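*Asks:* Chains as they are written, first to last, in numbering that gives the first Met the number 0: chain A, 0 to 512; chain B, 0 to 512.
No lab work stands behind these hints: they were computed from the structure.
Bear in mind the structure is a predicted one, so any value in this text is a computation, not a measurement.
Worth double-checking, as some hints may not be accurate.
No copy labels: a pair is met if it fits in one copy or bridges any two.
Unchecked claim - With a straight-line cut-off of 30 Å between C-alpha atoms, the simulated BS3-like cross-links for lysine-lysine are:
| # | residue 1 | residue 2 |
| --- | --- | --- |
| 1 | Lys460 | Lys63 |
| 2 | Lys460 | Lys282 |
| 3 | Lys474 | Lys460 |
| 4 | Lys63 | Lys271 |
| 5 | Lys282 | Lys257 |
| 6 | Lys257 | Lys271 |
| 7 | Lys271 | Lys282 |
2 protein chains.
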Amino acid sequence: MNGAESLVRTLLACEVDTCFANPGTSEMHFVAALDAVPGMRCVLGLAEGVVGGCADGYARMSGKPAATLLHCGPGLGNAIANLHNAKRARVPLVNIVGDHATYHQAFDPPLAYDVEGLARTVSHWVRTATQPGRVGERAAQAVCSARTPPGQIATLVLPADASWLEGGVVADPIAPPRRNTVDASIVDDIARVLRRGERTIVLLGDESLGERGLVAAQRVAQASGATLIATPQVRRIARGRGRPAVNRVPYALEPALKVFEGVRHIVLVGAKPPVQFFAYPGKPSVVYPPESELHTLAALDEDQVGALEMLAEVLSAAKQVASPPAARDGAMPRGAFTPEAFGGMFERLIPEDAVVVDDAVTSGRQLFGHTFGAAPHDWLQITGGAIGFALPCATGAAIGAPGRKVVCLQADGGGMYSLQALWTQAREGLDVVTVIFANRRYAILQGELMAVGATPGRASKDLFDIGRPDLDWVKLAQGMGVEARRVDVLEDFADVFSAACARRGPFVIEMRI
Amino acid sequence: MNGAESLVRTLLACEVDTCFANPGTSEMHFVAALDAVPGMRCVLGLAEGVVGGCADGYARMSGKPAATLLHCGPGLGNAIANLHNAKRARVPLVNIVGDHATYHQAFDPPLAYDVEGLARTVSHWVRTATQPGRVGERAAQAVCSARTPPGQIATLVLPADASWLEGGVVADPIAPPRRNTVDASIVDDIARVLRRGERTIVLLGDESLGERGLVAAQRVAQASGATLIATPQVRRIARGRGRPAVNRVPYALEPALKVFEGVRHIVLVGAKPPVQFFAYPGKPSVVYPPESELHTLAALDEDQVGALEMLAEVLSAAKQVASPPAARDGAMPRGAFTPEAFGGMFERLIPEDAVVVDDAVTSGRQLFGHTFGAAPHDWLQITGGAIGFALPCATGAAIGAPGRKVVCLQADGGGMYSLQALWTQAREGLDVVTVIFANRRYAILQGELMAVGATPGRASKDLFDIGRPDLDWVKLAQGMGVEARRVDVLEDFADVFSAACARRGPFVIEMRI
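Bound-form chain A, shown alone:
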């Protein structure tokens, strides 16, 4: 058995059975092993930004790592942006990066690259398997590292000769550490803080945003009067009718400061102290009052749900939790897009049990707050700020959550970063309805330029305006085998979106705004 085959067999033994890939010559023996060993689903992305984002979305929905297969330094480089988003989401993910044969590196061939150095900038764990006999062991370590709470990016560099030489040994899975249980004394301390009745925010992130965590948190809030709020970026949050309505810390500084105004205590559950996305001259980096006290109920690697449930019990909280009213019936809005009108409409259109993937930026920021009364769904958000997230993430999410409708909300600027994901949706026949918010500009940057007090001139017009010429998303989607429609008014959107959700397979709606 060569190293490549031991790798495939070890990944399968570790329950890694999905591989998002764009291979090259140095990965040929790995591909041959995939041919020879049944059981690995291989999904091609037409650029590695798609590959990385797919693995992120897959992990968010399936809860387990996919493998990526990337070609040398440049292949990994193309994946960096969405791997960064995945790293920030704390999902488990195993990158297999093929590289030149060990002895060939010294000749400095054209694709020679410091792959380990590159991988370290976006990974929690990096190793190179230089011996075929060690490949399996390294792969098992990589999967264990990826599954170490709260989830890590593990990158295994695989030189071609370690792949093709005989001597491969299949390794047994290595059990990852479990999440640590939070000590009862910590829970008691937090309960005492909450009982004081001082203005308190419970900041929820990571796994506390699942349905069980949210219910426990809501019980705590009802019993204590504390306010629940989610981190500004969420990997995945359970939402909709029958579930607690928890908003996020706003992106913009002023509303974020408003949320934390007068707060005495911040209880952190799978969350770091909330910071501004960017710094601005003369403005604070953190959005909470400097005099407020920070208390950690459960860290990222701890059992956040268990801690919240313990806390609810200590507070003798009622089991019953409030949830938002269902979306109102009545006439759908008409006319041109506004965030408010679209949000109210979208609340009523989200399909039952849908997965919503959000990289809608300026067009979509208000959608979250307008959709608490929708049918139950999960919401996945860009976590690392590297745009070009939603199309690939939605693609991977559809593979990680078969049978669920995926709704992808993508701003046009970010969409152009990884539009190739639509082709993968077409090939795999994935149930993804994509909404492109086509404002034909980097609207966020226009706002940011104003915020720094500058007068927009020719350069900023050239750099923020992505019209001239306008992108035609219907043609772009059709060019990759995905059906598409353009809509200019809200009433058309409702019709087209409902029809798209009622059928199978991918569909793109260009919403002109």
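With chain A's structure known, arrange chain B on it following the hints.
*Replies:* Just chain B, lined up with the frame of chain A:
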């Protein structure tokens, strides 16, 4: 004056007047400075792979560095692949990478990234300008570094506060070192080797592939009987009627070994000893006989053209050089694509003084050898093996060589990596005719898999076949505002290509093969 303005003014003082960009929030003060200070041409790329490739093509044609403007670690990450190609081409290039304000990094905001660590993997020179008063100086150093022969990638990381704070100082340009002149004794030594009459190859790379270098090399070859050959990857080579016909070292191992069979001496001119692109089990890494002697006439940072001219004089070489016969007239080929028929046709179609950019991979490898009799032109080739090169490079080349027709030869697989470049061509009204060689598969990988002795199975079929569904390049191009036509037979290609070359502006031809 803030740091950003000192940066713009220093770049302009250093004759860097073109900026390929995709900015984000941390670059807003730089954009504001671009608005305030006239003289910098700003060209937007809808993803950073486009930005990096444009800067490469621009430098290859203009001979001077462009700036790129990239947003934080992920923005740089997206550019890595084409920056790697640029690094391997040894072009001058200055990356400006915006980053968080220095004091904001400690809060670990979502976009926090080890930008310097990432930049080091693809740059010859990396600095972070943390003080506004040092930004100008650092920019001048970056340009000097970029222009240091044979050309370097210089990356300047610009934290937002260094950009927005007052205290900027415009720096004077720093003269880069000149190429060293090769010592006459070296030239005499090489002349003695050549006079022995033993089988000798002169391997030409870098600036020796310009018209002057090639003419001098051809004189040397005629006087000595040595064979000229170019490196397997060329940044830019002057070709066509009236110019010496120099072929490249073949990509594939067997024909490359054939070229060097029985060779006693290899004279290196701006070239490293030729190595295989990839290693294969049991095959050599280098393509020349181990017993052959390597002689360096001029290293990468030396005056290669001057050395060749000195050598020609020492050999008392005739001034007159042979050049290939002009392409034959007669009926154009008809029917389906074959590399030979297409090559013979393409030789007659290349416009006078065109710039040909080649990332055609399997479909295009034979075109080089079939086009020596074309009208005079320059040929630019992918140098680092990171696919997705030709569309961005052609875009930048058109900006770097105004008034010249650019012909872009792009394989469909690689084309999908950076198709967004077509939009920049449309916006800028660039004279680029792109030929997409649509074989709807990663044909190179099918060949490589066979080469490793594997039997193609389900996984390799899923990973090498980029049909299912077929890409429609006409719609993809039109979706970005570029006119396009599909052709299935050679006679149609000739008509459509000639018409596209006769008009202004970008055009895409999908050649189904």
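*Asks:* Hints numbered earlier in the text: which of these fail when held up against the supplied structure?
*Replies:* none
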